[in-house]
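All chains, full assembly: derive it from the sequences and hints.
2 protein chains.
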Amino acid sequence: MKFEAITIKDIAKALGLSISTVSKALHGSHEISNETKAQVLAYAKQYKYKPNPIAQSLKRGRSKSIGVIVCNIDNNFFSQAINGIESVARQKDYNVIITQSRESYDREVANSEHLSSRSVDGLIISLSAETSNVDHLVRLHQKGLPIAFFDRVTDAIATHQVIADNYKGAYEATRHLLQQGFRRIAHITSSPSLSITTERLHGYRQALEDAGMQPDQRYIKLCEHGGMIQEETRQALMQLLEMPDRPDAIFTASDRLSTTTLSLLRQMRIDIPGQIALVGFTNSISADIFNPSLTAVVQPALEMGQQITELLIQLIESKRPVTTFQKRILDTELKIRDSSLHLPRL
Amino acid sequence: MKFEAITIKDIAKALGLSISTVSKALHGSHEISNETKAQVLAYAKQYKYKPNPIAQSLKRGRSKSIGVIVCNIDNNFFSQAINGIESVARQKDYNVIITQSRESYDREVANSEHLSSRSVDGLIISLSAETSNVDHLVRLHQKGLPIAFFDRVTDAIATHQVIADNYKGAYEATRHLLQQGFRRIAHITSSPSLSITTERLHGYRQALEDAGMQPDQRYIKLCEHGGMIQEETRQALMQLLEMPDRPDAIFTASDRLSTTTLSLLRQMRIDIPGQIALVGFTNSISADIFNPSLTAVVQPALEMGQQITELLIQLIESKRPVTTFQKRILDTELKIRDSSLHLPRL
DNA sequence: GTGTTTGGCGCAATCGTTTTCGTAAAAAAA
DNA sequence: TTTTTTTACGAAAACGATTGCGCCAAACAC
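Protein chains in written order, with this note's numbering: chain A, 1 to 346; chain B, 1 to 346.
It is possible that some hints are incorrect.
Identical chains share a label here; the pair holds if one copy fits it or two copies do between them.
[To be verified] Calculated pairs, DSS-like style, for lysine-lysine (alpha carbon to alpha carbon, straight line, at most 30 Å): (1) 327 - 168; (2) 48 - 64; (3) 59 - 143; (4) 92 - 59; (5) 50 - 143; (6) 48 - 319; (7) 37 - 143; (8) 168 - 45; (9) 335 - 13; (10) 50 - 319; (11) 327 - 13.
Bear in mind the hints are in silico, worked out from the structure with no lab data behind them.
Have a look at this one:
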């Protein structure tokens, strides 16, 4: 079964013209008389001629498609970002091919190679939690493939980046907990190799220090798999809960960590925020119907997707090699809800 | 900036062979001596030769990619389904191009035409809420483009379908509410043109009738935009709440309607399930941390995505025209949580 | 009337691959 | 030795579109 479309050759035959004449007519070349142009255009319109993009890609050496690698699409942050990517790409007539690394280094490598061999014109990437080495991307980049990073970025490749203000987001979240009167504030975060981890960790630490407190390493839990493995998150949480001076608040550093932590605490029948308060990075559209509603650091995911796509397309379409790169840092928003309220002591 | 890869021609030149010999060697043709094959293969491996998929597509007339049109990806049902689609597609070496209709008929038409002109080999579709006419798809199908439907299907095109057992899911949800002692059970659902709407409505009605009750049209609210427009859902809900014999339970028919309804009820400070119980179709991974945790009809989204992709690829790769089609109906699961508990009257 | 310009179009190469067909040399059969 | 078969390879067309170049005829200049 296959899909037969009308080609330039069909038009040429039907009108008794040569293939090149038709092609030029369709492109409005001055070499072709208005008469012939009109004739060709009319015929093309009538039979709904659409140039075969595959043939065009082959000829032009560009496929008008961009590849995207994120860890996961069933996560509101990334699905919103993808909405942004798609909207800009479509508007500029690029196709988007989405792939998921599921936080696995191996899948990220496989996807990047697969996409580049599928001749995407460029790549948009948010690194996987397992990725600490970006040689696979360096290779592609050196061969001339435009790459742009968002969210989880690396400085090992000189290119555009779009991130949220992770430092400030984390700082504000932590300061908010401090202002609410919490003192033993734990932080559950992802793999230390991720840019977002270090930035958020930094914001968290700085807020504590600015409040005259000494960040305590025991209160910081790293989850290498970024919440993809629930057991890992559970253990991190258990370690916190079993401490003699157990935290009175937790700041979680990602969407999945936030929902997983909330879910686990509820399963353990731990009252939030009564026994432990919770603030998390999350773009979940349901954060206000969680139990309790979840105080969240919200990233401008849609805008991030839009901007990184614009930057990538600039890179792709640039005639001359680009040598100066942008690092855009977009503002986050702290949405205060019930999970971080300091209840009066009973 | 462009990405230069090694071609078959480069290999030919380097080894002093002809292009066709190299091609045949790479394909293991019997026409080529083992010696030459080994030489070519070694060279190809060393220089990481990858056939240019665009050239292959042009030659073969197939692009090894499939298009997907869903209303939305930031919705756990669809993102899970896409996970299923991707996993099967990737395993069979197909690319997946995902697009969103956002419940708009116009965008669905535009996307389907764009995808077909981008020479996808086939299309997987879940219809938009606004779509009542599928002529745009009929046209493509008649031209020979393989199409397969999941979730929101149509019988206007003879092809494979994969759906959840919407009738049974709705029946069980309604029966559950009845068993809990609720009597005035309302139903908020999507556009009546959608298959899922009629099937779920049917299950809802039948459950009431089997309990000796007469379905009351006033308790059934249709949202043409399937929850994409919050105001529409709000009005439907308000109409229910303002009825003299206001419902004591609501059964919502889709992911977005469920979360929106829950959110609205909470904003109005209506106690769930005390004043109104709630059961919804949803695949939200956070349903158990909602407030209250949400009793849900869960669809096997991943499996649905996998199965429809297998069926589509069968269609694409079939040598002879396929004349018998499958309609697979997968089981749903009712997850009972707090939102539907009948509390003792105070 | 000869020479030059220009308008309008077609030829053919090209992108990278696949595939049919032809052919030279080597091997086998006569 | 001659004929046939086999082996191993190359030439070329094709997929659909783009584009530089060449060509013919009409229009113009002189």
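Outcome of the hint check:
With identical chains, the CA atoms of residue 327 and residue 168 are at most 30 Å apart within one copy only, with a shortest distance of 16 Å there and 52 Å across copies. In this assembly of identical chains, the alpha carbons of residue 48 and residue 64 lie at most 30 Å apart whether taken from the same copy (21 Å) or from different copies (24 Å). Proximity of residue 59 to residue 143 under the C-alpha cut-off of 30 Å is found in both arrangements, the shortest distances being 20 Å within a copy and 26 Å between copies. When the C-alpha separation of residue 92 and residue 59 is checked against a cutoff of 30 Å, the pair qualifies both within a copy, at 19 Å, and between copies, at 27 Å.
In the homo-oligomer, the alpha carbons of residue 50 and residue 143 lie at most 30 Å apart only across protomers (14 Å), although the nearest pairing inside one protomer, at 32 Å, exceeds that limit. Taking CA atoms no more than 30 Å apart as the test, residue 48 paired with residue 319 passes between copies only; the shortest distance there is 27 Å, against 33 Å inside one copy. Taking the shortest Cα distances, residue 37 and residue 143 sit within 30 Å of each other only across copies (27 Å), while inside one copy they are farther apart (41 Å). Within a single copy, residue 168 and residue 45 get their C-alpha atoms no closer than 54 Å, and across copies no closer than 48 Å, so neither meets the 30 Å cut-off.
In the homo-oligomer, the alpha carbons of residue 335 and residue 13 never lie at most 30 Å apart, since the shortest distance is 64 Å inside one protomer and 63 Å across protomers. Proximity of residue 50 to residue 319 under the C-alpha cut-off of 30 Å is found in both arrangements, the shortest distances being 27 Å within a copy and 26 Å between copies. Within a single copy, residue 327 and residue 13 get their C-alpha atoms no closer than 53 Å, and across copies no closer than 43 Å, so neither meets the 30 Å cut-off.
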